[in-house]
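A.B. asks: The primary structure of each chain is shown beneath.
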Amino acid sequence: MDVKEIIARAREENRRKLLEHEVYAICAHFGLPVPKHGLATNEDEAVEIANKVGYPVVLKIVSPDIAHKSDVGGVILNLTSDKDVREAYRKIMENVKARAPNARIAGILVQEMVPYGLEVIVGGTRDPTFGPVIMFGLGGIFVEVLKDVSFRIAPIKSIDAEEMIREIRAYRILEGYRGEPPRDLEAVKDIIVKTSKLMLELEDVQDIDLNPVMLYEKGRGAKIADARIILR
Amino acid sequence: MADLTKLFYPNAIAVVGASRQPGKIGYTIVKNLKEFGFQGRIYPVNPNANEILGLKCYPSVSSIPEPVDVVVVSVPAQKVLDVIDDAGKAGAKFAVVIASGFKEVGNVELEEELVRRAHKYGMRVLGPNIFGYVYTPSKINATFGPRDVIPGNVAFISQSGALGIALMGMTILEGIGISAIISIGNKSDLDDADFLEFFAEDPNTSVVLIYMEGAKDGKRFIEAAAKTTLKKPVIAIKAGRTEVGARAAASHTGSLAGNVAIYEAAFKQAGVLMARSVEEAFDWVKALSWNPLPEGENLVVITNGGGAGVQTTDTLADNGIYLKEPPKYLVEEVKKFVPPFASLANPIDITGMAPVDWYYKAVYAALKDPEVHSIIVLYCHTAITHPVDVAKAIIDAVKDAGVRKPMTVSLIGGKEAYEGIQLLTKERIPAYPTPERAASAMAAIYKYLKARKYVEERLKS
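Each protein sequence line maps, in turn, to chains A and B. Residue numbering for the first sequence follows this note's numbering, starting at 6 and increasing by one per position. Residue numbering for the second sequence follows this note's numbering, starting at 725 and increasing by one per position.
Treat each hint with caution, since some may be false.
To be verified - Straight-line distance between alpha carbons at most 30 Å, and here's what the computed DSSO-like set of lysine-lysine pairs gives:
| id | chain 1 | residue 1 | chain 2 | residue 2 |
| --- | --- | --- | --- | --- |
| 1 | B | Lys940 | A | Lys199 |
| 2 | B | Lys1184 | B | Lys955 |
| 3 | A | Lys199 | B | Lys1177 |
| 4 | A | Lys223 | B | Lys1174 |
| 5 | B | Lys1174 | A | Lys152 |
| 6 | B | Lys1177 | A | Lys194 |
| 7 | B | Lys1184 | A | Lys223 |
| 8 | B | Lys940 | A | Lys202 |
| 9 | B | Lys955 | B | Lys1048 |
| 10 | A | Lys194 | B | Lys1048 |
| 11 | B | Lys1174 | A | Lys202 |
| 12 | A | Lys162 | A | Lys41 |
Since the hints were derived computationally from the structure, they do not count as laboratory data.
Using the sequences and the accompanying hints, generate a full structural model.
C.D. replies: In structure tokens:
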């Protein structure tokens, strides 16, 4: 799907929050490491996609009217067989029909289970004075409670990304701490710089959250596990 | 890039709204211009007066017999547009609009019309809602603030009017020499970036201080400030440093990216040193405008008391500066006169029994030792010495050594210590009443070097 088309369709349908598969398509366009995935509109398609991305997979409801997917029983994790996928597909449809009967359904996203890593967050927002601003931090309590994050104004140059990473108080965790391995900082740097490019090129985007990004050992890269984009 | 040459080097300045009545803004501006010694022509404009402060008055700008470069507009807001037309037709290049009653009170249209009109005549606008401007190399004081600012090398841009004018007075009290003061007000036309571009190239300015409420164009500000940082330090006090209430936003990033965080990021990328308070900003301005830059990282602290040394070491560490072993030559020199129990690590503790003479010798040796790159001198007022004598000893050591290295001093004590600080200030040796302030000011010098390096690398990539 073309990036401009995605945004145009969202505008047409009066949606500010993009759907998950749309977000992934945009991220992939900018070279960001999105998980393997596909949008299924029936059981057979779901199985086909699951085989393509490889087990285990997760199924998630895709709807412009559902903000919290888990609350309506719209997410089932760790599916390991075709049979599981068929059952999960039906279950999610039933759950949503019962708990959000009026929600428009775009389909069900079949996505590879992203292996666990150190959770980091990379985000972007648009400031009226400075334009796109990019954020980096560790996920979970580091961002929620301690607000241990760093910012730079786009365009983010390589040195800015390095400083952003080094600036957070939890930097030592990234370097490797008490048996935890050093993390792939080059991969984070790359994500930060590409997020900056995305924000600069897509003026329609108000906010982007890549949260969490699973960050692996040095040399093993990173993968986005969840993402959202809000249009202006 | 705006060409501000004629604003800073005008042949003639007109003051519209000039008044004969002491206490009026239109009187004080003419008086300051005249008495501060502007060498070009000053033309008061007032249709009801023949003469103000011995200067011939004109009924309008267009009736002045020569073209004027700068028109200071000190009339009520509703009369400003007429003055702009008159000045524009007469060929003026800059309108310095003192009047308030524009955007700051919601009068957006009048302000936009002001700029449109001025631009129609090729005129640029400083203000409105300002207290004027100063440029000491041209002996211009076109403000209604204090008259006798001290000529020097610090350019001060203030977005706040009342605080700006108060700080203008404070520079005199603090002995800070000024190249320029720009009251930038509503920034309807010329903004921080325009002035930064000028001060970056201005040989009369070596440090820029900004009191900023908000940038007009963030990207342009970063660009101009970064270019300035490459040549000289930019220090900023940002109004509104705390986040009052989180922003409502649909994303994590949006809710965390408060105004403060964004300005901090922008300042970092531009190499701007962010001061937390007026006091801190002035402390840093002194350290950066009166000192050369250090040639290396070897900072030596000389003290006569352990406590002052610890306060300094802690403050330096807060700023990422960790003291190294003092160089050998210096240690050998100091050993010659201090008692054997003196601690000659860094801080070098010349002990509480140190007479004035030891200060002279220690500072002299530190200046002469090529491995010492910068010096903090601490003095706690003791029964056996007078702070003024210690100040004199430090001044003599600097003069006799014939080398300037970055140095900050703290004389800690009562009234006598304050007198000593005054003496050092007169010699442009930055001196402070507490060790923390001397340390923070020294740290600012090293912060500048780091900031400049960041900007250099950033602009290269």
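A.B. asks: Would you mind marking each hint as holding or not holding in the structure?
C.D. replies: Okay, the hints, checked on the actual structure:
no.: 1; hint: B:Lys940 x A:Lys199; verdict: holds, 27 Å
no.: 2; hint: B:Lys1184 x B:Lys955; verdict: holds, 15 Å
no.: 3; hint: A:Lys199 x B:Lys1177; verdict: holds, 24 Å
no.: 4; hint: A:Lys223 x B:Lys1174; verdict: holds, 28 Å
no.: 5; hint: B:Lys1174 x A:Lys152; verdict: holds, 26 Å
no.: 6; hint: B:Lys1177 x A:Lys194; verdict: holds, 20 Å
no.: 7; hint: B:Lys1184 x A:Lys223; verdict: holds, 27 Å
no.: 8; hint: B:Lys940 x A:Lys202; verdict: holds, 23 Å
no.: 9; hint: B:Lys955 x B:Lys1048; verdict: holds, 29 Å
no.: 10; hint: A:Lys194 x B:Lys1048; verdict: violated, 33 Å
no.: 11; hint: B:Lys1174 x A:Lys202; verdict: holds, 27 Å
no.: 12; hint: A:Lys162 x A:Lys41; verdict: holds, 28 Å
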